[in-house]
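J.: For the sequence shown, the working numbering begins at 12 and goes up steadily by one.
In case anyone wonders, no lab produced these hints; they're calculated from the structure.
The beta-carbon is built from N, C-alpha and C at its ideal position, and this holds for glycine as well.
Just to be clear, a hint being listed does not mean it is correct.
[Claimed, not checked] Listed next, with one range per pair, are the computed distances between beta-carbon atoms:
hint : residue 1 : residue 2 : range
1    : ALA95     : ILE115    : 46 to 52 Å
2    : PRO138    : ARG45     : 15 to 21 Å
3    : VAL114    : ALA185    : 30 to 36 Å
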Amino acid sequence: MSLTVDALIVLASVFASAFFSGAETALTAASRARMHALEMDGDQSAKLVNRLIAMRGRLISAMLFGGQIVNIAVSAFATSVLVALAGDRGVVYATAIMTAMIVIFGEVLPKTVAIAYPDRVSLLIAPVVSFFVTIFWPVVAAIETFVRGLLWLCGMRASERQSIASGHEELRGAVDLLHREGGVARSERDMFGALLELDEIEVSEVMIHRTNMGTINADLPPADLIREVLASPYTRLPLWRGQPDNIIGVLHAKDLFRALAAAGGDSSRIDIEDIALDVWFIPDTTTLRDQLQAFLRRKTHFAMVVDEYGVVMGLVTLEDIIEEIVGDIKDEHDVAAQGMRPQPDGSVIVEGSVTIRDLNRAMDWTLPDEEATTIAGLVIHEARAIPEPRQAFIFHGFRFEVLRKNRNRIAALRISAVTAPKGKGQEKDQESEGDAAVRD
Numbered sequence: 012m013s014l015t016v017d018a019l020i021v022l023a024s025v026f027a028s029a030f031f032s033g034a035e036t037a038l039t040a041a042s043r044a045r046m047h048a049l050e051m052d053g054d055q056s057a058k059l060v061n062r063l064i065a066m067r068g069r070l071i072s073a074m075l076f077g078g079q080i081v082n083i084a085v086s087a088f089a090t091s092v093l094v095a096l097a098g099d100r101g102v103v104y105a106t107a108i109m110t111a112m113i114v115i116f117g118e119v120l121p122k123t124v125a126i127a128y129p130d131r132v133s134l135l136i137a138p139v140v141s142f143f144v145t146i147f148w149p150v151v152a153a154i155e156t157f158v159r160g161l162l163w164l165c166g167m168r169a170s171e172r173q174s175i176a177s178g179h180e181e182l183r184g185a186v187d188l189l190h191r192e193g194g195v196a197r198s199e200r201d202m203f204g205a206l207l208e209l210d211e212i213e214v215s216e217v218m219i220h221r222t223n224m225g226t227i228n229a230d231l232p233p234a235d236l237i238r239e240v241l242a243s244p245y246t247r248l249p250l251w252r253g254q255p256d257n258i259i260g261v262l263h264a265k266d267l268f269r270a271l272a273a274a275g276g277d278s279s280r281i282d283i284e285d286i287a288l289d290v291w292f293i294p295d296t297t298t299l300r301d302q303l304q305a306f307l308r309r310k311t312h313f314a315m316v317v318d319e320y321g322v323v324m325g326l327v328t329l330e331d332i333i334e335e336i337v338g339d340i341k342d343e344h345d346v347a348a349q350g351m352r353p354q355p356d357g358s359v360i361v362e363g364s365v366t367i368r369d370l371n372r373a374m375d376w377t378l379p380d381e382e383a384t385t386i387a388g389l390v391i392h393e394a395r396a397i398p399e400p401r402q403a404f405i406f407h408g409f410r411f412e413v414l415r416k417n418r419n420r421i422a423a424l425r426i427s428a429v430t431a432p433k434g435k436g437q438e439k440d441q442e443s444e445g446d447a448a449v450r451d
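Using the sequences plus the hints, can you model the full thing?
T.: So, in structure tokens, the structure goes:
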């Protein structure tokens with residue numbers, strides 16, 4: 012056999028090794044979502060790629076089997092040729108030459124191309140890969156049976172493998188990765204993440220607390236009641252009687268004005284209870300996904316939230332849930348104040364009633380919200396006490412200074428990032444702030 016033919020056989024073998032190596036990498040890294048979309052559009056190559064991905068174990072075994080056969084065969088062939096040409100030193104030459112060629116051209120180069128363009132490469136090589144998977148199937152099946160037997164002897168079941176991450180976690184991780192790489196804007200990442208978290212968030216975390224609810228005394232004279240409705244920025248208002256927690260109905264401004272028009276403008280002829288809507292009470296542990304679906308089923312946008320004892324905790328609306336997904340929605344009647352005021356020195360003055368989730372979203376922070384809903388609740392939880400004005404605490408990488416306190420409620424805080432990292436034992440150290448300036 013001539014030297015030219017020997018060289019061609021070696022090159023063909025290295026090319027085959029590169030094919031098997033690149034095919035395994037490309038098909039493993041290919042986007043299943045994109046391939047599914049292409050298959051839905053009628054792309055037959057994408058359909059074939061999806062079939063190969065579905066039998067991932069058989070695919071990887073076939074590619075490894077093919078690559079190992081080629082690598083072993085070409086190494087043996089090159090060794091025999093070089094031994095014939097250079098004697099015993101041919102073994103050293105063959106080892107050095109074939110190691111360099113297989114590593115560079117048979118492994119690194121094809122894997123680099125495949126990982127850079129996994130979808131494109133997968134669509135291109137899918138028919139050939141499918142052919143080799145079919146040809147190697149008997150041997151691969153025997154290998155799989157042998158491997159499963161070994162795993163069984165070790166007390167493991169290959170068929171019982173489960174993904175560590177859930178589908179939601181994988182989606183969230185993919186979106187976070189795309190955001191870090193610049194492919195997804197922060198607002199889009201936040202919306203997608205909030206949508207995936209609807210099952211994890213309870214209405215108690217997004218509701219309007221009872222201390223901030225706009226309500227109306229049902230015993231007010233109709234004329235005063237109409238003035239209250241006109242002065243309110245809301246169209247639906249809870250009605251109470253006797254005490255604010257005794258909610259007897261929900262008054263819709265449109266229903267009130269219809270009744271006023273029907274009465275010829277005479278407010279004394281209006282019976283508020285006749286036009287009030289029934290109250291819908293929901294438990295505070297309802298998830299946002301369940302409540303969203305309930306709003307859609309009942310075709311209503313307003314519900315009162317109660318705790319396990321039936322005590323009114325607040326109210327939640329359809330807009331509250333939508334805002335959790337898309338961010339704050341403002342119209343011409345909304346109050347402009349957000350409860351957060353960034354300062355020139357980089358700190359932020361925050362009202363104690365601001366929720367941790369809203370603060371994290373507005374400032375792109377990651378303060379924990381497992382133990383508390385509001386920023387005041389977080390400070391009280393970490394301090395294990397109700398702090399006094401001028402006291403400051405450092406935890407979770409931020410400095411929290413209490414500015415104002417209303418009875419037992421923290422009314423306002425100043426929050427600033429800690430520039431120098433604290434030691435592990437100093438995360439929650441209280442600072443002496445006797446001369447701190449207290450400002451609104």
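J.: Look at each hint and say if it fits the structure.
T.: Do the hints match the structure? See the list:
| no. | hint | result |
| --- | --- | --- |
| 1 | ALA95 to ILE115: 46 to 52 Å | 25 Å, violated |
| 2 | PRO138 to ARG45: 15 to 21 Å | 18 Å, holds |
| 3 | VAL114 to ALA185: 30 to 36 Å | 31 Å, holds |
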